[in-house]
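Student: Work the whole structure out from these sequences, hints included.
Residue numbers (the working numbering), protein chains in the order written: chain W, 1 to 415; chain H, 1 to 315; chain D, 1 to 443.
Please note that the accuracy of each hint is not assured.
[To be verified] Chain D residues, not near chain H, derived (Cβ > 10 Å throughout):
{"#": "1", "residue": "Leu21"}
{"#": "2", "residue": "Thr47"}
{"#": "3", "residue": "Glu113"}
{"#": "4", "residue": "His178"}
{"#": "5", "residue": "Leu183"}
{"#": "6", "residue": "Gly184"}
{"#": "7", "residue": "Pro188"}
{"#": "8", "residue": "Met237"}
{"#": "9", "residue": "Leu298"}
{"#": "10", "residue": "Ile342"}
{"#": "11", "residue": "Tyr420"}
{"#": "12", "residue": "Lys437"}
{"#": "13", "residue": "Gly440"}
[To be verified] Restricting the straight-line Cα-Cα distance to at most 27 Å, the calculated cross-link-like pairs of lysine-lysine (BS3-like) are:
{"#": "14", "chain 1": "W", "residue 1": "Lys362", "chain 2": "W", "residue 2": "Lys332"}
{"#": "15", "chain 1": "W", "residue 1": "Lys90", "chain 2": "W", "residue 2": "Lys118"}
{"#": "16", "chain 1": "W", "residue 1": "Lys279", "chain 2": "W", "residue 2": "Lys197"}
{"#": "17", "chain 1": "W", "residue 1": "Lys70", "chain 2": "W", "residue 2": "Lys332"}
{"#": "18", "chain 1": "W", "residue 1": "Lys362", "chain 2": "W", "residue 2": "Lys197"}
{"#": "19", "chain 1": "W", "residue 1": "Lys340", "chain 2": "W", "residue 2": "Lys54"}
{"#": "20", "chain 1": "W", "residue 1": "Lys118", "chain 2": "D", "residue 2": "Lys104"}
{"#": "21", "chain 1": "D", "residue 1": "Lys104", "chain 2": "W", "residue 2": "Lys144"}
{"#": "22", "chain 1": "W", "residue 1": "Lys192", "chain 2": "H", "residue 2": "Lys271"}
{"#": "23", "chain 1": "W", "residue 1": "Lys411", "chain 2": "D", "residue 2": "Lys104"}
{"#": "24", "chain 1": "D", "residue 1": "Lys136", "chain 2": "H", "residue 2": "Lys305"}
{"#": "25", "chain 1": "W", "residue 1": "Lys411", "chain 2": "W", "residue 2": "Lys144"}
{"#": "26", "chain 1": "W", "residue 1": "Lys362", "chain 2": "W", "residue 2": "Lys340"}
{"#": "27", "chain 1": "W", "residue 1": "Lys90", "chain 2": "D", "residue 2": "Lys104"}
{"#": "28", "chain 1": "W", "residue 1": "Lys203", "chain 2": "W", "residue 2": "Lys226"}
{"#": "29", "chain 1": "W", "residue 1": "Lys400", "chain 2": "W", "residue 2": "Lys362"}
In case anyone wonders, no lab produced these hints; they're calculated from the structure. Backbone N, C-alpha and C define an ideal beta-carbon position, used for all residues, glycine too.
Chain by chain, the residues run as shown.
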Amino acid sequence: MVHWLKRITSTLLALAVTFSTGAVYAQGTIKVMYTDPLSGPFAQVGDQNLQQFKYIIDYINGRGGALGRKFELVSFDNKSQPSEALLALKAATDQNIPVIMQCSGSNIAAALIEGVDKHNERNPTNRIVYVNCGAVATELTNEKCSFWHFRMDAHVGMKAETMVRALPKDVTKVYLLNQDYLFGQSVQRDMKAFLTKLRPDVKVVGDELIPLGKVKDFSPYVTKIKASGAQALITGNWGPDMTLLIKAGMDSGLDIRYYTMYAHLGGGATAIGPAGNGKVRSVMAFHENIAVETGKTDTEGWTRQFRAQHDFDFYAAGFRTIFEFLQAAMNKAGSADPLKFAQALEGLTITDMLGYQVTMRKPDHQILSEYFVGVFTKGVKYDSEKTGLGWKTETTVLPKDLDQPNTCNMKRPTS
Amino acid sequence: MEVLLVSLLNGLVYGMLLFMLASGLTLIFSMMGVLNFAHASMYMLGAYFAFSVSRVIGFWPALVVAPVLCGGLGALIEMYALRRVHKNGHIAELLFTVGLAFIIEKSVQMAWGLLPVAYRVPAVLDRPLFHVYGSNFHAYRGFMLLVSAVMFGLIWLLLTRTRIGLVIQAALTHPDMVGALGHNVPRVFTIVFAGGSALAGLAGVIGGNYLVTEPSMAVTMGPIVFVVVVFGGLGSLAGCFIASLIMGLVQTFAVVLDVSFADLLAHLGLKVTSATPLAEFLTIPLPRVGALLPYLMLILVLLLKPRGLMGTRDT
Amino acid sequence: MSEGLVRTGAPALAAGRAGGLLRRQWPWLATLAFALIVPWFSFDWTTGRHSGFIVSMLSQIGIMIIFALSYNMLMGQAGLLSFGHAVFLGLGGYTTAHVVNAAKSGTLPIPLELTPLVGGLGGLAFALALGYFATKQRATAFAMITLGIGELVTSCALMFQTFFGGEGGVSTNRMTGHSLFGLGYAPPIQVYYLIVGWTAISVALMLLLTRTPLGRMANACRDNFERAQFVGYDPRMVRFFQFALSGFFAGIAGALYTLTYEIVTYDTVAGALSANALLMTYIGGVGVFAGPVVGAVLIVLLQSWVSLLSNSWLVYAGVLFILMVTFAPGGLAGLVLMHQPIWRAGRLGRLAGPYLRLVVPALLVVVGFVLVIELCSFLTIGAAQGKSFTLSHVTIDPRTAGPWAAAAVLLAGGGVWLRYAIGGFGAAWARVTEEIKATGMRA
Chain W
1 MVHWLKRITS TLLALAVTFS TGAVYAQGTI KVMYTDPLSG PFAQVGDQNL QQFKYIIDYI
61 NGRGGALGRK FELVSFDNKS QPSEALLALK AATDQNIPVI MQCSGSNIAA ALIEGVDKHN
121 ERNPTNRIVY VNCGAVATEL TNEKCSFWHF RMDAHVGMKA ETMVRALPKD VTKVYLLNQD
181 YLFGQSVQRD MKAFLTKLRP DVKVVGDELI PLGKVKDFSP YVTKIKASGA QALITGNWGP
241 DMTLLIKAGM DSGLDIRYYT MYAHLGGGAT AIGPAGNGKV RSVMAFHENI AVETGKTDTE
301 GWTRQFRAQH DFDFYAAGFR TIFEFLQAAM NKAGSADPLK FAQALEGLTI TDMLGYQVTM
361 RKPDHQILSE YFVGVFTKGV KYDSEKTGLG WKTETTVLPK DLDQPNTCNM KRPTS
Chain H
1 MEVLLVSLLN GLVYGMLLFM LASGLTLIFS MMGVLNFAHA SMYMLGAYFA FSVSRVIGFW
61 PALVVAPVLC GGLGALIEMY ALRRVHKNGH IAELLFTVGL AFIIEKSVQM AWGLLPVAYR
121 VPAVLDRPLF HVYGSNFHAY RGFMLLVSAV MFGLIWLLLT RTRIGLVIQA ALTHPDMVGA
181 LGHNVPRVFT IVFAGGSALA GLAGVIGGNY LVTEPSMAVT MGPIVFVVVV FGGLGSLAGC
241 FIASLIMGLV QTFAVVLDVS FADLLAHLGL KVTSATPLAE FLTIPLPRVG ALLPYLMLIL
301 VLLLKPRGLM GTRDT
Chain D
1 MSEGLVRTGA PALAAGRAGG LLRRQWPWLA TLAFALIVPW FSFDWTTGRH SGFIVSMLSQ
61 IGIMIIFALS YNMLMGQAGL LSFGHAVFLG LGGYTTAHVV NAAKSGTLPI PLELTPLVGG
121 LGGLAFALAL GYFATKQRAT AFAMITLGIG ELVTSCALMF QTFFGGEGGV STNRMTGHSL
181 FGLGYAPPIQ VYYLIVGWTA ISVALMLLLT RTPLGRMANA CRDNFERAQF VGYDPRMVRF
241 FQFALSGFFA GIAGALYTLT YEIVTYDTVA GALSANALLM TYIGGVGVFA GPVVGAVLIV
301 LLQSWVSLLS NSWLVYAGVL FILMVTFAPG GLAGLVLMHQ PIWRAGRLGR LAGPYLRLVV
361 PALLVVVGFV LVIELCSFLT IGAAQGKSFT LSHVTIDPRT AGPWAAAAVL LAGGGVWLRY
421 AIGGFGAAWA RVTEEIKATG MRA
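Tutor: Below, the structure written as structure tokens:
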């Protein structure tokens, strides 16, 4: 009887999914598939992104969308698994959705780049473009690059260079501490390379790798850092690995500058708290006080409205750049066909909401945008997560300074 | 010498935090044979309850109220749900706690949101206690040591000096005999489950503001607690205490000892280059794998002593 | 039974055996036939292509069937609870990835159809190496050793680049150009049929294994390992061989995973996948050979399909587990098998009425419960994400009292009705069983 049950249920389900995903290529909206963890222990990643995407898409649609049509976001929970992300890809191509976006996890991004490449090669009438909104491993636009992949965030190499440029002249001893996997090892490698190139006077007095997500007590590391006499701690850690490290350092009175990549993202400010005043720095694409510092009042008003309606601060300026690029590329190509607008997108330059000229570099599909190093401090107009402290720009690096060489050798489709 | 002393102190604090979390699980696992995957969820709930309560009436009352809430919840779960599953075997109980962990996690996400919450150390404790070779020893860490030591002392007294404690100790190793002697074993089970949950909640109250309080804290703390409990041995609270300290010290000292297999081989005269097979593995320095040593130690101990270090019973 | 004795002659005997095989194994054959045609239900006749999503999900089901059955070799048949079984699926997958890459570059021209065998051998090799240590102990010690092994291998997979490719994993291209049937394996549907083939082979092999002396001794060691020693076999060696063979089949599943997704990353060895195996096997039914098959289908559908409809799918999964372990410890297959004596006595029709009377209240309770959970979720999380609660074009606003009241009524009313209906069902069941017992005694 179980076999009959299975038979009936499978049939019903198969039909149900067909009908629910069946609307083939609606002329109405331009759909964009977005996949990230939306459930389970890391659900806040996808959740915050969704909220910001909604705000941005409403804004872009208010300005005409693209080709006279509105954008529509379709979300798919990938539960941090590459196999689920590939399932999202299949769901997207079944519905002829032209773009798939993913922001979190270089392992998932690697799977998607390969998956999209193979799918487009084997199904030339049903192609899709992969927009990478946050997976930053340098290899993805170098060894693993692909024509169909567009990265809309600075990669590890660019962030590392920004950090090195932000190191003050009086800092000569730095300590590196990173997570022991592809991303953390990239940070380690790139930091050392850029220090050698741009700041040969700086000595790396310590270089640690920690197992991902396993260390709860960072005080022994703090002991070592103190013993080394380092003046700056540079880390690519994210999540508890970052917050616990900083907390341990502050608790033991370590007099050091913290340079991070993710302290400005959701939860970082809360976890660090007022004790981090003036000590913690982060490499970021945006914080809400930049518009104040540069006098762009319309952008300031726009992000202020987001703050008023949500319980966290707006940080994803890059997401708005994504949609502005999609809008510009589709309008330029006159079509939402993946090949056409991808060809229009590469090499395109637009002005982003902070007023900088941002380019989608043609050889490797890596975005060239401005980057900042901000310090967590009192006395700024917009504070972070109601802690009373916020981010203030310490260093600005222009897009042209981040135009790093690349080893990409992508195959370009002709039709 | 400086490094030794500081590391000893650090290892002790971390070990005591592990003990707070593991003690409750040892009692539950030893007594009922239940691999309670929801134990770390109780830890998380303790931290969140303390966060909410401390915003209304302050941290010190929360220190008492939150564990009581967790204990109450544990008692309800045991009486109305776990008891029914008990007759279906250990795996059924395990899966039950897994389902419970899912539900608790989602409930926490819905009630307090997906981001970390601002559960902070109380101001009076947020200062250095004393200086050790130039670094501060934070007062809150001293507080953690104090609470866990007091907790250990109280449990010890409870188990060895009170009647109910003696019954619990007996039921830890011979539950059927205790039942045959006329004691209300189901009620003992409820008390132990509630007590274990309260201990986990207390660990959450203490640890939540020292570490980070967020919905994924249960998942990240879970595995290491099981390792400590089984390493220490089933049926032995003292074993759990010793195991926690050993794990804490080993992980701490592993960070400060910068050696690798290649160094060891170099002492023996064998040089390891990048062309040597398994070179990637041989050149790993100890700090990189420090947090993995507990698992390795667990496997080694279990191979030699299947009941754990000081275990007195199988499940 | 008396008919069997009457048959004479070898051809008649063989034909009888073949016919008997068909009669006995018709559920498996019917399922195989169904598996072959099911992708065509969602075939889009206008564009001439399969639904990629459905084919991927079906491929995942096939892979998980093999994985869950191999897990049951340990749990159900040998009584060994393992927390690190995914290690062998993942390691088999990594091995296959390297071999397929070698095939593509020409160094090892193995036809793609045989690569699952390579994965199986990889899984076997690692299971022999790791199992040597793990099987020295049994019960809780064994479980915790496998937990430790799982964590260590996961961390290694993140740290080491040569074999594991680090976080980005090892990617491969299944279009190697070597194939026994001359297929290119570009369309996913071809990979699906390859999976169906290997699933059939694996299921048959594992079924046969349960009938071998090793399989029987594993059952004996599970039931009473002390007494099993007196038969003459060392329970440790029995455990060891059973562990190694289950690693072999897990490796086959891993190889099929590599061929489907063309990338293997560290999450194929991680604890989450091992936990999945446990869930699938237990929910499906540990005591029945076909149980894990049912469990695998259900869990994959739950994870990949229900999660599309709701972000609270974990809550539903949790509640399902709790209900199953409390009321149906034999799993779904166990529930079905409880009906076997009634079916054999031909009285299954008598239960149709009581079952129908259960359906409506059960549906009300389920709908009410789902409504409550979804309302809570939308109120707290979903609203900010810009989602609205729509049920077939009707928007439900969680901020009004209406939906909450409806949910409460459904839940409470349905609950009361269900209790009453369950009582009636129990009485009907008892009546039928008593009748059967009475007739049995007379015959």
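Student: Would D:Pro188 pass as off the interface with chain H, using Cβ distances and a cut of 10 Å?
Tutor: holds, 31 Å
Student: Sort out whether W:Lys197 lies within 27 Å of W:Lys279, counting only the CA atoms.
Tutor: holds, 26 Å
Student: Decide if the proposed pair is consistent with the structure: W:Lys90 and D:Lys104, CA atoms, cutoff 27 Å inclusive.
Tutor: holds, 25 Å
Student: Going by Cβ atoms, does D:Ile342 stay more than 10 Å from chain H at every point?
Tutor: holds, 23 Å
Student: Does the no-contact call for D:Leu298 survive, Cβ to all of chain H over 10 Å?
Tutor: Its Cβ never comes within 10 Å of chain H, the nearest being 14 Å, so this holds.
Student: Take a quick look at D:Gly440 and tell me if its Cβ sits farther than 10 Å from every Cβ on chain H, holds or violated.
Tutor: holds, 28 Å
Student: Taking the closest pair, is the beta carbon of D:Gly184 still more than 10 Å from chain H?
Tutor: The claim stands: D:Gly184 keeps its Cβ more than 10 Å from every Cβ of chain H (closest is about 36 Å).
Student: Taking 27 Å as the top limit, are the C-alpha atoms of W:Lys362 and W:Lys340 close enough?
Tutor: holds, 14 Å
Student: Is it true that the CA of W:Lys400 sits at most 27 Å from the CA of W:Lys362?
Tutor: holds, 14 Å
Student: Could you check that no beta carbon of chain H comes within 10 Å of the beta carbon of D:Lys437?
Tutor: holds, 24 Å
Student: Hey, W:Lys340 versus W:Lys54, does the alpha-carbon distance stay inside 27 Å?
Tutor: Status holds; Cα separation ~26 Å.
Student: Are all C-beta atoms of chain H more than 10 Å from that of D:Met237?
Tutor: Non-interface label on D:Met237 holds, nearest chain H Cβ at 17 Å vs cutoff 10 Å.
Checked against the numbered hints given earlier, this structure breaks none of them.
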